[in-house]
Amino acid sequence: MSAPAAIRTTTLTKVYGDTRALDGVDLTVPEGSIFGFLGPNGAGKTTMLRLITGLAQPTSGTAEVLGRDVAQAGNLVRAEVGFLPDVPGFYDWMTAEDFLRFAGSLFGLRRNLLDQRVAMLLDLAGLTGVTSRVGGFSRGMKQRLGVAQALVNAPRLLLLDEPTSALDPMGRKDLLEMIASLRGRTTVFFSTHILGDVERVCDAVAILDHGRVVAQAPIAELTAAYGERKVVVEVTDGADELAALLAARPWAASVVRGPNGSIEVTVTDAVAAQHDIPAIVAGQGIGLARLEAGEMGLEEVFVELVGGERR
Amino acid sequence: MSRSSGFTVFARKEAQEIWRTWRRWVLPGILVFFAVTGPPLARYTPQIVQAVAGDQLSGLEIPTPTYLDAYGQWAQNLTQIALFALIIIYGGLVSAERRSGTAVLVLTKPVSRSAFVVVKAVVNAAFVATLLLVGTLLTWGLTAAMFDTAPGAALWSAALVWLVLAIQFVAVMTLLSVLISSAAGAAGAGLGVYVLASIAAIWQPLADYTPAGLASKAVAAAAGQDPAVAWPVVTSLALSVGLVALAATAFRRREL
Numbered sequence: 001m002s003a004p005a006a007i008r009t010t011t012l013t014k015v016y017g018d019t020r021a022l023d024g025v026d027l028t029v030p031e032g033s034i035f036g037f038l039g040p041n042g043a044g045k046t047t048m049l050r051l052i053t054g055l056a057q058p059t060s061g062t063a064e065v066l067g068r069d070v071a072q073a074g075n076l077v078r079a080e081v082g083f084l085p086d087v088p089g090f091y092d093w094m095t096a097e098d099f100l101r102f103a104g105s106l107f108g109l110r111r112n113l114l115d116q117r118v119a120m121l122l123d124l125a126g127l128t129g130v131t132s133r134v135g136g137f138s139r140g141m142k143q144r145l146g147v148a149q150a151l152v153n154a155p156r157l158l159l160l161d162e163p164t165s166a167l168d169p170m171g172r173k174d175l176l177e178m179i180a181s182l183r184g185r186t187t188v189f190f191s192t193h194i195l196g197d198v199e200r201v202c203d204a205v206a207i208l209d210h211g212r213v214v215a216q217a218p219i220a221e222l223t224a225a226y227g228e229r230k231v232v233v234e235v236t237d238g239a240d241e242l243a244a245l246l247a248a249r250p251w252a253a254s255v256v257r258g259p260n261g262s263i264e265v266t267v268t269d270a271v272a273a274q275h276d277i278p279a280i281v282a283g284q285g286i287g288l289a290r291l292e293a294g295e296m297g298l299e300e301v302f303v304e305l306v307g308g309e310r311r
Numbered sequence: 001m002s003r004s005s006g007f008t009v010f011a012r013k014e015a016q017e018i019w020r021t022w023r024r025w026v027l028p029g030i031l032v033f034f035a036v037t038g039p040p041l042a043r044y045t046p047q048i049v050q051a052v053a054g055d056q057l058s059g060l061e062i063p064t065p066t067y068l069d070a071y072g073q074w075a076q077n078l079t080q081i082a083l084f085a086l087i088i089i090y091g092g093l094v095s096a097e098r099r100s101g102t103a104v105l106v107l108t109k110p111v112s113r114s115a116f117v118v119v120k121a122v123v124n125a126a127f128v129a130t131l132l133l134v135g136t137l138l139t140w141g142l143t144a145a146m147f148d149t150a151p152g153a154a155l156w157s158a159a160l161v162w163l164v165l166a167i168q169f170v171a172v173m174t175l176l177s178v179l180i181s182s183a184a185g186a187a188g189a190g191l192g193v194y195v196l197a198s199i200a201a202i203w204q205p206l207a208d209y210t211p212a213g214l215a216s217k218a219v220a221a222a223a224g225q226d227p228a229v230a231w232p233v234v235t236s237l238a239l240s241v242g243l244v245a246l247a248a249t250a251f252r253r254r255e256l
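In order, the protein sequence lines correspond to chains X and Z.
At position 266 of the first sequence the residue is numbered 266 (my numbering), and the sequence of numbers has no breaks.
At position 231 of the second sequence the residue is numbered 231 (my numbering), and the sequence of numbers has no breaks.
No lab work stands behind these hints, which were simulated from the structure alone.
What you are looking at is a predicted structure, and each value in this text was computed from that prediction instead of being measured.
Hints may contain errors.
[As the list claims (entries may be wrong)] Subject to a maximum C-alpha distance of 20 Å in a straight line, what follows is the list of computed SDA-like cross-link-like pairs (lysine to any residue):
1) K173(X) with A215(X)
2) K142(X) with F33(Z)
3) K142(X) with G184(X)
4) K173(X) with R249(X)
5) K142(X) with L68(Z)
6) K173(X) with I194(X)
7) K142(X) with V87(X)
8) K142(X) with G126(X)
9) K142(X) with D203(X)
10) K142(X) with G89(X)
11) K142(X) with L113(X)
12) K173(X) with R183(X)
13) K142(X) with T102(Z)
14) K142(X) with A96(Z)
15) K173(X) with Q216(X)
16) K142(X) with G101(Z)
17) K142(X) with E299(X)
18) K142(X) with R99(Z)
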């Protein structure tokens, strides 16, 4: 029996005309996790969220949310999900409080609970006492209200599409802290192209490129897996000549100079590199000060996975 | 969360939207204007014509106006200008929420797409019915004041026939605003439906047995005649239900 999943997609595909916006995506988001859905602009992140929320229908494949097929479940699933679209649209004639009350009422919240939750969420969004209509709000205020309305039903699954894109640094920090505070209680699935946000709060990540998931793992596992493919060499002298020699080896994918005269080599065969490098250094008659597996950050993993095909 | 509470909450939102936006003024303004000006215009038409034309129409005998002229004017205004305004106003009934993104926020909560469409049709039909009630009461009262007599049967018969026609066009616009993303495009298509129905009504069997005859029968009822309205009314109500059901089905299949 498989582990409980908040979201599970199976060969999920969406085709618009000649474009495959999603191409056979298999994705599993563990319940209780904070899951980053990374990808460059146009990779298919918003399409994925539209399919998960039932706003669009897949061309083929299935999407299950909280154990139920999205295409069949309807209100049963929606009652347990909070959703913030990339550009949230509000009724311009409402105030922030009006909208939160309206949203909470759609979930059937009772009067007392609704009062408490609206007050708490207005505070969270920094909109307490703001009585002007939403039509006059800035993009950042609308984004904060969007986050608040997504939380009004205390959802089991919170879906956020580029939640920090319109926020100033303080708003972004607050939102990330709020997301982190939900850890273990609510599954948070958020799409973004901002790697720093994912590194700060996510447990696991999937990287989407051209409609395909190119990597999916806990962040530590992902960076460790790619870290094994990077070797850092530091020598006593003659680093330039050594870098040129290393670059000529068949297992060297790239060679760059790091800080303090070090050489960072991305390798295709880590074992071969670890055997060859000491021999090459000895052959040059120079001293080996350091030889170790390097650490790759999420950004480097991301660039490694999707950067080569960027146009 | 019951299905009915989502329906009720969204219906309340729709009613508040009418009250708190431009919708509160446009259609009510048009109907109240015609209701208030119709009876005096009918009453003083001979004097107005005399004042404008002077001696040029000295040989023409203008009949003494009666309360039926005021009723007729109300019915004519309803079947033409008020209906045009309704068609234009409701061109974006559903599509405006798709374009602004509000539909996405509502429909990712426990509200079905069918409820979304049906609520809009029902609440706005009720709004039109309320306006018709107020406008017809005003017309009735002012007609009584102007002509000293105002039997209600002809006026209310005409109003009820027009209400069926108006509900039918709310349903038409609900469907068109699901199918056509542009509010102006849907309004244009709605006016096209109105013109086609008017042309169809020239053929008597269509006028007698289908919704095409409703406009002319409303005017005839206001003139004190007793037109046979059962078939047009029944077929129109059935068509309205069918159009809203079709709109709900089409909206369920649309991508947002």
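Name the hints, by number, that the structure is in violation of.
1, 2, 3, 4, 5, 9, 11, 15 and 17
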